[in-house]
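Participant: Listed here are the chains, written in short residue letters.
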Amino acid sequence: MNVTAEQVIFLAFAVPLVAAAIGVVVARSPMYAAMSLVGAFFCLAGVYVLLTAHLIAFLQILVYAGAVMVLFLFVIMLLSLGGEGQQLDRLKQLQWLGFVLGGGGLMALLAWISREVAGAEMAAVGPDFGTIKAVGRALFTTYLLPFEATSLLLTVAIVGAVVVAKEKI
Amino acid sequence: MLSSPQRKPFSPRAVLVITLAVGVLLFGALFTGILVLTAAIKPVMIAAFLRQVVGVDPATWPHTTLVTWVSMAITALILLTFGAVISGATVWWEMRVSARMQSRIGYNRAGAGGFLQWIADAVKLLFKEDLIPAEADQLLFRVAPYFVMTGFALTFVALPFGEGLVAADLNVGIFYMVAVTALVVVGILLAGWSSNSKWALFGGMRAAAQVVSYEIPAGIAIMVPVLMAGTLSMQGIIRAQGAWPWQWFVFTNPAATVAFLIFFISQLAEGNRTPFDLPEADSELVAGYLSEYSGFRFALFFLVEFGNLWVMAAVLTTLFLGGWQIPWVSAADWTAARGALGDLPGAGWWGLQLLSMLVMVLKTLVVLNVIVWIRWTLPRIRIDQMMNLCWKYLVPFAFAAFVFTLLWQVLLARVPLLATFTGFIMTGLFVAMAALFGRQVKANIAASGDHVDLTNW
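Those protein sequence lines, which keep their order, are chains F and P.
Here the first sequence is numbered in my numbering, starting from 7 and rising by one per residue.
Here the second sequence is numbered in my numbering, starting from 4 and rising by one per residue.
Hints in this document: simulated from the structure, not taken from any laboratory.
Check each hint, because a few of them may be wrong.
As the list claims (entries may be wrong) - Some chain F residues well away from chain P (every beta-carbon gap over 12 Å; in silico):
1. Ala40
2. Leu56
3. Gly136
4. Ile138
Stated by the list, open to error - Lysine-lysine pairs mimicking DSS-like chemistry, simulated, CA-CA at most 30 Å apart:
5. P/Lys45 <-> F/Lys172
6. P/Lys127 <-> P/Lys201
7. F/Lys139 <-> P/Lys201
8. P/Lys127 <-> F/Lys172
9. P/Lys131 <-> P/Lys45
What the hints assert, rightly or not - If you anchor each label on the Cβ, the simulated ranges turn out as follows:
10. P/Ile77 <-> F/Ala117: 53 to 59 Å
11. F/Ala25 <-> P/Val25: 41 to 47 Å
12. F/Leu84 <-> P/Ser106: 40 to 46 Å
13. P/Val25 <-> F/Thr156: 55 to 61 Å
14. P/Phe52 <-> F/Leu84: 52 to 58 Å
15. P/Pro399 <-> F/Ala25: 40 to 46 Å
C-beta atoms are modelled at their ideal positions from N, C-alpha and C, and glycine is treated no differently.
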């Protein structure tokens with residue numbers, strides 16, 4: 007089999023990605039789970055770069071691996087969870103439910119991929135693909151309504167957070 | 004035969020020669036490496052090199068990929084070494100400047116002017132015991148410095164050194180810089196938490212709060228030069244500016260001057276530099292998040308902290324101060340010097356590259372020096388003042404500068420001469436202010452009965 011550089015790079019990102027994603031779920035300490043999530047975000051960004059979606063890749067790192075994860079770590083540190091292991095027994099049934107649902111979803115996805123996508127060549131993209139210009143154009147023409155709806159949603163969330171956090175304004 | 008324990012010291016002249024030799028060789032080799040390799044790893048250049056020097060057809064030759072990968076690996080190594088060395092040299096410079104500012108002597112033992120001190124310090128740190136507290140989280144404590152180091156090292160991918168001298172001119176350049184720097188915070192937070200010590204934890208929390216807050220004004224301020232250049236690429240932003248001060252972004256648009264100041268302050272805060280060094284405030288938190296670190300891991304944190312000064316200064320130079328633009332050399336001259344795209348460029352092109360690198364390095368060093376001055380001039384601010392400054396002043400002003408620039412660009416499309424006009428006025432204002440500042444300093448020195456003395460270097 008002829009191994010291309012793309013395949014090597016893809017595997018170099020995809021295998022740690024899956025490992026890190028599993029780590030998020032199975033890690034007992036919330037800190038380790040959060041760090042696995044950082045790793046997963048990073049590897050995902052690598053896969054995005056491989057798909058020539060540079061802007062999305064660096065958004066992923068900046069927003070998720072940077073800002074969101076810092077917030078997560080912050081909360082974990084402030085709460086400084088001591089007895090993480092105690093609540094595990096109560097969640098046994100939920101764990102099984104999650105396992106079945108997640109496994110089922112994975113199977114369905116794999117079946118769909120093997121039927122629809124497997125073996126198909128990826129369509130070549132233009133030189134503009136994934137650049138900030140192309141993404142911006144798509145965002146402000148085709149997807150203008152979802153974009154504006156998201157901004158509204160974020161504004162509502164910010165105002166709501168201030169109202170909830172501050173009793174007297 | 005035993006050598007006597009009291010070795011005869013070198014004569015001052017020999018010390019000077021050795022120091023100069025080390026400095027010139029080290030920095031000469033690094034800058035030459037960067038000059039040659041960052042220009043040479045572009046696919047066109049490698050193909051031209053293989054065709055004209057090695058004498059093979061790059062399309063059919065089996066080792067073309069190998070040559071590409073090896074030269075890229077060497078480039079990465081040189082850039083990393085440059086980061087480490089410049090960080091050490093910055094420590095030396097900072098210590099010399101601070102000593103002068105505080106009427107001390109400062110580094111003066113190892114080498115002329117103590118220049119070799121940072122090498123001695125680095126070697127000492129490498130040989131120290133790598134202590135890990137028993138109560139610390141063993142794994143996370145060990146990996147935290149690598150997060151910090153990775154965030155620092157990755158910035159060199161898009162950091163320009165000259166016209167063609169950048170490892171990769173990404174079309175999302177400045178955005179990439181902001182994104183990978185965010186990794187440093189994760190490392191600092193991890194270091195603070197995993198040390199399992201209250202000083203370290205407080206330091207880590209402060210660092211995270213500070214960096215996440217100041218990323219917002221910094222990000223908005225970056226949008227101003229991006230709007231003016233119409234691109235996110237580092238080289239594209241520099242190409243949109245001119246070589247003369249009145250063609251720099253900082254002077255062609257009043258809002259860009261504001262954005263420059265906001266970005267400068269935010270960079271100081273993100274780099275944990277005084278007056279924003281609360282995360283490692285030694286008088287309150289021992290050393291903040293690095294209290295528990297020693298040896299090599301401590302050295303990594305420090306390397307990043309001082310190496311960041313170069314990155315900071317280079318990014319500021321790129322965004323606002325015209326980068327590597329050389330006076331009287333236009334884009335057409337660059338194309339002419341390059342010659343046919345399939346050939347290796349001639350000596351004229353390399354000369355221009357060297358010149359552009361000199362300009363860039365000189366500007367970067369000036370900005371770096373200002374950052375050092377600020378550290379030794381201003382006292383540390385309180386945490387509430389730090390947050391107030393960010394959220395109540397920098398963020399609104401950054402937004403105002405952003406909106407103003409939008410309108411400004413619309414206006415410029417109608418009246419293109421306005422940029423030149425503003426450039427001249429702002430440059431004139433700046434020169435006048437600098438002259439007034441210099442006169443005031445001189446008057447203050449004279450009033451205290453002192454005089455400027457530059458003999459004791």
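Participant: Could you check the structure against the hints above and give me the numbers of any it violates, in ascending order?
Facilitator: 1, 3, 4, 5, 7, 8, 9, 10
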